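Visitor: Protein chains in written order, with our numbering: chain A, 480 to 835; chain B, 480 to 835; chain C, 77 to 407; chain D, 77 to 407.
It should be emphasised that the hints constitute simulated quantities derived from the structure, not laboratory data. Because the structure is a prediction, the values reported are computed rather than measured. Glycine included, every Cβ here is placed at the ideal spot set by N, Cα and C. There may be inaccurate statements among the hints.
To be verified - Short, incomplete list of chain C residues facing chain A, as computed with Cβ under 10 Å:
hint, residue
1, R134
2, T138
3, Q175
4, T187
5, K226
6, D246
7, A278
8, R281
9, G284
10, D327
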Amino acid sequence: MMENQFPIRQIIDVNGKIALPEYKEKMTAELAKKFYKQMIRIRTFDRKAISLQRQGRIGTYAPFEGQEAAQVGSAMALAEGDWMFPTYRDHGAAIVFGHSLSKVLLFWNGRNEGCIPPKGKNIFPPGIPIATQIPHAAGAAYAERKRGSTSAAIAYFGDGATSEGDFHEGVNFASVMRAPVVFFNQNNQFAISVPISKQMNSKTIAQKALAYDIPGIRIDGNDVFTAYFETLQALERARNGGGPTLIEAVTWRYGAHTTSDDPAKYRDQVENVKRREEDDPIIRVERWLKNEGLYDESWATTVKEEAITEVEEAVKEMEAFPKADPADIFDHVFAEPTWQIAKQKKEYFDLIGGEI
Amino acid sequence: MMENQFPIRQIIDVNGKIALPEYKEKMTAELAKKFYKQMIRIRTFDRKAISLQRQGRIGTYAPFEGQEAAQVGSAMALAEGDWMFPTYRDHGAAIVFGHSLSKVLLFWNGRNEGCIPPKGKNIFPPGIPIATQIPHAAGAAYAERKRGSTSAAIAYFGDGATSEGDFHEGVNFASVMRAPVVFFNQNNQFAISVPISKQMNSKTIAQKALAYDIPGIRIDGNDVFTAYFETLQALERARNGGGPTLIEAVTWRYGAHTTSDDPAKYRDQVENVKRREEDDPIIRVERWLKNEGLYDESWATTVKEEAITEVEEAVKEMEAFPKADPADIFDHVFAEPTWQIAKQKKEYFDLIGGEI
Amino acid sequence: MQTAVKVKTLTLVQAITDGLDTMLQEKEEVILLGEDIGKNGGVFRATDKLQDKYGEDRVIDTPLSEAGFVGAGIGMAVNGFLPIIEIQFLGFIYPAYEQIVTHASRLRMRTMGHFTVPMVIRAPYGAGVRAPEIHCDSTEAIFTHMPGIKVVCPSNPYDAKGLLIAAIEDPDPVLFLEPMRLYRSVRDEVPDGKYTVEIGKAKKRMEGEHVTLIAWGAMIPEVMEAAKAVKEKGINCEVIDLLTLFPIDKDMIAESVQKTGRTVVVHEAHATGGLGNDILAIINDTSFLYQKAPVERVTGFDAPVPYFGFEDHYLPTPERIKHAIEKVIKF
Amino acid sequence: MQTAVKVKTLTLVQAITDGLDTMLQEKEEVILLGEDIGKNGGVFRATDKLQDKYGEDRVIDTPLSEAGFVGAGIGMAVNGFLPIIEIQFLGFIYPAYEQIVTHASRLRMRTMGHFTVPMVIRAPYGAGVRAPEIHCDSTEAIFTHMPGIKVVCPSNPYDAKGLLIAAIEDPDPVLFLEPMRLYRSVRDEVPDGKYTVEIGKAKKRMEGEHVTLIAWGAMIPEVMEAAKAVKEKGINCEVIDLLTLFPIDKDMIAESVQKTGRTVVVHEAHATGGLGNDILAIINDTSFLYQKAPVERVTGFDAPVPYFGFEDHYLPTPERIKHAIEKVIKF
Ligand SMILES: Cc1ncc(C[n+]2csc(CCOP(=O)(O)OP(=O)(O)O)c2C)c(N)n1
Ligand SMILES: Cc1ncc(C[n+]2csc(CCOP(=O)(O)OP(=O)(O)O)c2C)c(N)n1
Ligand SMILES: [Mg+2]
Ligand SMILES: [Mg+2]
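Just chain A, same shape as in the assembly (with noise of 0.2 Å):
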């Protein structure tokens, strides 16, 4: 009943071909390919980061693969001076929407530096405690919007995050505040090991924006269009004043929840691998790009190898970055530190001899 009053959108279908015609014009050659550099872009990242942890180079890490439609699409839609709260399984939309590979790596090898935007790029740190960061998303917007300016913010979050008190917290603030924010889930449908049908009785998100008066809408997460041009749409509701909007992707990860994370004990393996042969949402634009004409194979081989050169000089970096200073770990609690801080430093300094 509700999958009826929330369908879910598509711009182009599995085969890369057009669903919503109304959309065409807008999908320029331009447009097209850019997405899909910027998802061979995160893909490439992504499975060098598992492989970076599997020989021990990098922490846990939490892949997104099979998620690039959504976090490309959605991110490209901002603007400059956006605000950007992504989770620790978001960094696919954080790259495009301006974060630097080898800090990301950084925060997946246990440095805070890694939390660190480039310069001017309003990006979060992964937010770590679920749907956290969806009321400061509130908070945020509703800053840009008391201050006149016409920025709004993105909220990244997981299906799992919605049972969270956090989440419905702040999703009522922005509406009561009509704060300029937009709320994206990715519904790939799975927390950890919890199917969605074990984490709510509704059979959709998008309808939980009924609770409260605001914009709910359903997407195929698959289709970088539509993840696209619908956060585009929301965030121009916002900027207008229109408050927040609620878009639920849906989508699936292919791989684990996390590199500690053995799938096989709670999904079927077989759907997963027929998932990916049937709709991967890389092969999706690939397929649109073909059909449409746009597809050329040396222009494809370019776009990877830039993307692989890119990432392992990013591995470079990461790897040439100075060990962890413990100092660090004193001379940010406050902006200036407390005598117990200053203490601890100085009794830890001496005993390690001044040296890391």
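Given chain A, put chains B, C and D with the ligands in place with the hints provided.
Guide: Only chains B, C and D with the ligands this time, still in chain A's reference frame:
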């Protein structure tokens, strides 16, 4: 729009005329008179409590005058063995369900004894931290279902409470687990001073049920018949494995939030007087009784006198209650006192010379 | 002896209002959030008339959701505002605990100073006003234990305003505890306009050489009463009003204890894990050889703050404090 | 030397599984709640195969909502069940903090024993496994400070199972902390079936007369290493493994400190407000005149637990512990 999807259900109108004739048969004289009696009983209690507070004979008190129909109707729908999770404003409901009047007064006089329900009555202590009782009700209800009983639970909460994470988490949990529980919201349109328009962007509370795909029902909270029959039906569904229901009873409190509150600061006092004049829930049922020829001045007088007598008795009992024994601070923290508590108790009793 | 600064005679809660007013005036970025703080002016009237004066978008009546509006406040703080959040009673801060301890207090470190949270959380605390349960908690220790947030608590109107302004100007999150028992019990001369009382510094309320008494907030009058009572018996107490609960002014404590050798700490909170034990640790670390007696702590018991019918038994009294003073003297 | 009880060789996490299994078998009222505990068997496999064995209505994969399922657990406990709740990592308990400290730990007192909450909350804690931030917190002190809940923490498989069963049988709420760093690092002989390790009693891991070392959980191996190292220099340490963090076994501490006069407490948690200060208070109260040196605390710093690139610097090491031992010896 949502207001249309969730129309306010009403069985009798403000003039005490039937609005939904299909209920006529079930609206027996006995039932109507019981409603009236209970409403008089709890209003008498409520007014007395306010005057006790003014005289310094009890502490801060939260009055419910205006909400009698919602409380009486819902509480009368419960069966022996059901569980009630009231807030600080639902002692009307608690009394109807069998709580002791003197115990309720003791609660308002700062005595834990006031939290102990009569034997066999599953009445939880009034919830003070807003919305926290909602997950409790879900859990207690699940426990009934798990052990195969047909008992159910009811959780009371206000409009403001719907903003808390615990509301969301509790209802979500119950919806997933199909816990037999009725979430009974009294929307008195204010959370202390905050009007519902600043509490939420939605026009109704009932629509929040859509987020969990459970039935959401909006009723005239000043119509005791609707409160009764809708709660009864929701409980019936719960007992039969149909899961939770969210009921929004639209009502109004005539008095202050608590005896420490001054509603003139935030509420139109003229409107308040008008509301009372036009739509007192007790007057409404009185009109119904009169319209049906069931009202009899001397019966009504007896009802009122009996209520006064009962309340006066309760006040006496409360005031005759032994004074607070400081041993009770120490003796109920754990089943067996830890050494800290034993030591502190001994030291304290040594200091006060064993005297209280 | 004349001074150019105008003074007003204010209660503690009025001094807080005055401090908020001063800073709303001074800094456009100051923004107030909380339940019932707008039209109603707060359940204790701490924000009385401020919404009229500064508008609904600076003095915001939030939905009833502590995690939500503390979280939103963090987002505002990171984005250039200076949110001052009222938690209606300290006992209702628990739903926001996650937001405070995983974000407000960690964002600076997480981002090595890139994102900071210059936010103030105000909360009335403590028992003794015959309020319902949970309204009476005194749980500063669950914040002082978690690094990244400062905790302060005034005991009089002058300090209340000055500490509040210092908290607002502090670049880090500050939990500002308000002793509701003292909201209207004392009046003080409070200077007009802006002034600060330094965070991290305690004040001596009485000088003495026999026993050091350490307390803060609503316990100060109780401690002063006990100190005056024992003075008659020839025991001279030094009374330290902490003002800042994190970071505690260890130097003043050490100096005093090295003089007296005897200490009594008084707080409403439970003994186990209470700040009394932190103060004992400061003494252990700085003044071990000066100690003439074990440090006594007079505290709330290791039981939940009871219903108000029992609260007179629960709260430290001058009687209990005197007993502890005698104990350290006799040791 | 023969015994009729069968034993198995288990890791700490397997001992926990075995304890849960034993109690699910023994008491129909035992019910498990938590994220990913069903099909997945828990992210650490602590509930491995238990859902297969006992069904989806006894081993429940809950929605991702700590306040919600702890609150629901309270409702179940009050209504006759014995919920055992897994919090995936201690750092994710904060959203449930309100439910725990305003209800689980207060219901007995609130109702003078009419409603009780015989519930166990299990949570892996601590740093040292290269986990992301918040996954590494060690915040027992925010629970030990709040009356009405017991807190326990084993350091080996035998105690893990016995303490867990004791916690399940305890009529009051118990927070059961699991040192995730030790989940698979040690194997022990663990008896089959039911046995308990008493809540409130510490154990001596080493006897000695020069210094008392007090620790628990994941710090025990570090402390043992330090104790062994200083033994070579002729310093004999007495190592006390607390096991129960509230209520702490004060008698064993007093007895040991009265013998050694010197104490080092070791914990991962921050210094300020850490249990080191509570232990110091016990020593102050019971053994003041026996103290030959100030009590040293070797703890996590007063900084948020850092990202894992820094955690080796953050955690107490045998090196830091040895330094403290030498300090109390030299004093
Ligand atoms: C408050 C909190 N509880 C538990 C966890 C542990 N945890 C990490 S990810 C996760 C599942 C999240 O699922 P979802 O929101 O669907 O996002 P996804 O991982 O699928 O992207 C859980 C339970 C956490 N990080 N924070
Ligand atoms: C967690 C929490 N925050 C704040 C409060 C203070 N408080 C008590 S009642 C109330 C308003 C509740 O409004 P509503 O839910 O509409 O119920 P009503 O009082 O109108 O019956 C508030 C904010 C509280 N008790 N608990
Ligand atoms: Mg998911
Ligand atoms: Mg209300």
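Visitor: Given a cut of 10 Å on the nearest C-beta pair, is the interface hint for R134 of chain C held or broken against chain A?
Guide: Because about 8 Å separates R134 of chain C from the closest Cβ in chain A, which is inside the 10 Å limit, the hint holds.
Visitor: With a cut-off of 10 Å, does the beta carbon of D327 of chain C approach a beta carbon of chain A closely enough for the hint to hold?
Guide: Constraint on D327 of chain C satisfied, holds at 8 Å.
Visitor: When the nearest CB of chain A is found for Q175 of chain C, is that gap smaller than 10 Å?
Guide: 6 Å, holds
Visitor: Holds or violated: is the Cβ of T187 of chain C closer than 10 Å to a Cβ in chain A?
Guide: Cβ of T187 of chain C sits 5 Å from chain A, so the hint holds.
Visitor: How about T138 of chain C: closest beta carbon in chain A under 10 Å, or not?
Guide: T138 of chain C check passes; min Cβ-Cβ to chain A is 7 Å, inside 10 Å.
Visitor: Return the status of the interface hint for D246 of chain C: holds when the least beta-carbon distance to chain A is below 10 Å, violated otherwise.
Guide: Hint holds; D246 of chain C Cβ to chain A Cβ min 8 Å, cut 10 Å.
Visitor: Quick one, is the A278 of chain C hint okay against chain A at 10 Å, beta carbons?
Guide: 13 Å, violated
Visitor: May I ask you to test the interface hint for K226 of chain C with respect to chain A, counting a Cβ-Cβ separation under 10 Å as satisfied?
Guide: Nearest chain A Cβ about 8 Å off; hint holds.
Visitor: Double-check G284 of chain C for me: the hint is only fine if its C-beta lies closer than 10 Å to a C-beta in chain A.
Guide: 25 Å, violated
Visitor: Does R281 of chain C hold up as a contact with chain A if the rule is Cβ-Cβ below 10 Å?
Guide: 22 Å, violated
Hint compliance for this structure: hints 7, 8 and 9 are broken, all remaining hints hold.
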